[in-house]
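Quick note, the sequences are listed as chains H and S, same order.
Numbering of the first sequence is given in numbering that gives the first Met the number 0, commencing with residue 0 and proceeding in unit increments.
Numbering of the second sequence is given in numbering that gives the first Met the number 0, commencing with residue 0 and proceeding in unit increments.
Check the hints yourself; a few may be wrong.
Unchecked claim - Quick partial rundown of chain H residues pointing at chain S, CB under 7 Å, derived from the structure:
1. Thr96
2. Cys150
3. Pro187
4. Asp189
5. Ser191
Keep in mind the hints are simulated off the structure, nothing from the lab.
Here a beta-carbon is modelled for each residue, glycine too, at the ideal position from N, C-alpha and C.
Below, each chain spelled out in residue letters.
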Amino acid sequence: MSYIWKQTIPAGGKWSGRIGRGKSVTFTAQESGANASLLLYNAYDLTERYNMPDTLKAQHTAHLTKGHVLMSDNGRVFASITADTTGWHDTISGYTTRSFTQQKYGASTYQESRNAWRRNGEENFSMELLRNGLTTRDLVPNLNLFSKVYCDEEGNMNFVSSHCKKGDFITLRTEMDLLFVLSNTPNPLDPSKTYPSVPIEITVDEAAPVSSDDYCLNFRPENKRAFENTWSYDLLLGNKTLSTI
Amino acid sequence: MAVFNRVESSRKIENAIYDETVLAGDGWMHELKPGQTLRIIDVEGNQAADTLFFDAENPEDHYSAVSTIANQGNIYLSTGTVLLSQSGKELVKIVADTCGRHDTLGGACSAQSNTVRYAHDTLPMHNCRDTFMLQLSKYDSRYTKRDLAPNVNFFMNVPVTPSGGLTFNDGVSAPGYYVEMEAINPTLVLISNCPQLNNPCNDYNPTPIRLVIWDSL
Ligand SMILES: [Zn+2]
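Extracted from the complex, chain S is given alone in its bound form (with noise of 0.2 Å):
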């Protein structure tokens, strides 16, 4: 069984200078300024909030997820991780947990995965990769298809066994987890909240997430 890294925050809501809700299969695109901490709330739980993050000074450098978890030297990301770009640059530390696992292997759903997951009939289905789409193409006309990079999924539970192995499991979520992400640098933080209606592992139910961002103390 895996160690969580279970961290509590002590901020309160009412301090907050944004909170906002996002609904299943939408997307949510969003600077953070240094020292600013953003806030993901699984509502309902069991939830999946994809999440891409890019150097706010400069945009073609995304999360690297093999550089963040080579440099941690562990494959799951909790309370004390740092998300580095693929550059190397430290975009937040996670400073507060309270699922205690969130994978960054399993990547962001596509149409096209889709096909090759479940079924060629499943092209149709709104997805994460055309949410990310539709916010870059919406935010800033340097983004392309070239910025997508595997990214984070928070409150997903994606375990790998020692022989190799990987699985996708009932989250470890639960209504009102959370994760606190403090920013070291600029950063660009991309969301598409999954609407995956294919996988158990949300019990075929995509719920809302809600965002909330404090300024430096």
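This is chain H alone, in the form it adopts within the complex (with noise of 0.2 Å):
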């Protein structure tokens, strides 16, 4: 695969930086039983952030996978999914913390495990937060990547633990500037009792144009209203036009 930029992430692992639009962003597990904890912000306008509610009611799911996009909670569309070879990403189970963490998978410190101790999606969150100006205030209701939750009839949330395979990948293509926040910290509901250690690759290349017969624009009537709304900030911003329509 090309790229103009490649990172690692071991198993506890944190990153944020801000990754401009037009570019397909490459997550791929390198062992089965990943999960990445993932939240997206305006990069030049931190109060925008990804918005669950508004991304899952108006295209009528409850997962997310190829031909979804992330929406705003401004209503624009942040990120489209481009390519999956899962079928399912989670955005309805949230993160791990340090007492969840100790509590499910044993007591770890830095001064007994060195850098092999067991760290939280909360914390990794928190830290990056702060470095990029802002606090544990903005968390919100973030993606799991590589992760399928579904819910049966009475509303019970199940974790699948066999769904995602080594090489499996997503590619997010920015439709917009972005800061991304990441934390390779396990899915909450993940009912693994010994702590998942999967690194994930993360590639970044630049995008096609988005053109008129683009899959995520055409996936439903709402996805191309929200790439309307993103189209319209970036006439007003001055932005140079991404899609060929």
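Two chains, two separate frames, one set of hints: put the complex together.
Given below as structure tokens:
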């Protein structure tokens, strides 16, 4: 795979950074059983963030896969899912905390385990948010890439353990300049008793412009209107269009 | 079909310390002390009370929809559900519920999400997130848009299917149905009585809610 930037995030690791619009950002599971907790913000207006309810209800879905777009709380498309080998990514299960992680996997300290200690989503997010001028106040429901959580008729949430295979990947095409905040920590509903240790590779490459037959654009009429909102925003900012429409 | 956790309350309105009706499109913000109980009554039925909670001792700590549902392993809120803040603090517990199902995945309507869901020309229409922002701006200047997080929709039925679909169904609520919650810690409650006119689930007819509070027994 070609790329202009590549980074591997070890199990328990974290990363944040700004990725400009018009890029393909591919996350690849280096082993089976990966989970990458992800938050997204508008790089230049950090009060605009990924919105789980707006994303789900506009697309009449409770899971995310190819064709879906990730919407902000301002009715715009942050990113489109242009490729996905898993068929299901979770956005309703949240992220782990220190007390939860210690209860589930046993206490673990840096003093004892050095860099193999078991880190958690909340603290990873808190550090990377602060680095970027945000605080825990800015925490909202996140994406859990590679995790499948389905609900039965009674609303009970079920984690599917065999869902993510080694080499599975998802590609997000950025439609705006975004701040990515990533924590490679377990899904809170993963019943596995051992702390998963799956590195995730991120590659970034240039994406082709959005064309009129784009799969994500045409996935639902709601997606088209959200794209139109993003393009209006670009026009007002004086940004060059990234679409051929 | 879902198992509804329908539990009636023994509290009597004549013993309440607070009783107010909030019209459709209006907002309400109020602090509950530990042990106080708030009842939200769906006066005419199939209304949505979009509700956010904050830790009154730390206004930056808001309700977390995903912590709340992951903690109980179920996406619907009903009697027994403990509503958690982002930091994991227990804010309120639902102690009675005659509706049986409340949503916390659907979020609040906004001008911007209306343009996506319905049509671009809905942008000027009144919406819940505007109500939230007006209430926050009047309450305390420390609050900003950053404090808006995905909320609870009391009386809303948003079923999720095992294959991962999400739909908005006709309400399971009816005139006089209510939900009651007791504050575990000091909690600020922010309500937008939804003015949505584009959604069939309230029959395009938003109606009042009634809010009643009792002191701890
Ligand atoms: Zn609303």
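Verification of the supplied hints:
1. The criterion of a C-beta within 7 Å of any C-beta in chain S is met by H/Thr96, whose closest approach is roughly 6 Å, and the hint holds.
2. For the restraint placing H/Cys150 at the interface with chain S, the shortest Cβ-Cβ distance is roughly 5 Å, inside the 7 Å limit, so the hint holds.
3. Hint status for H/Pro187: holds, given a least beta-carbon distance of 5 Å to chain S, under 7 Å.
4. With 7 Å as the threshold, the beta carbon of H/Asp189 stays out of range of chain S, its nearest partner Cβ sitting at about 11 Å, so the hint is violated.
5. At its closest, the beta carbon of H/Ser191 sits 16 Å from a beta carbon of chain S; the interface hint therefore is violated under the 7 Å criterion.
Hint compliance for this structure: hints 4 and 5 are broken, all remaining hints hold.
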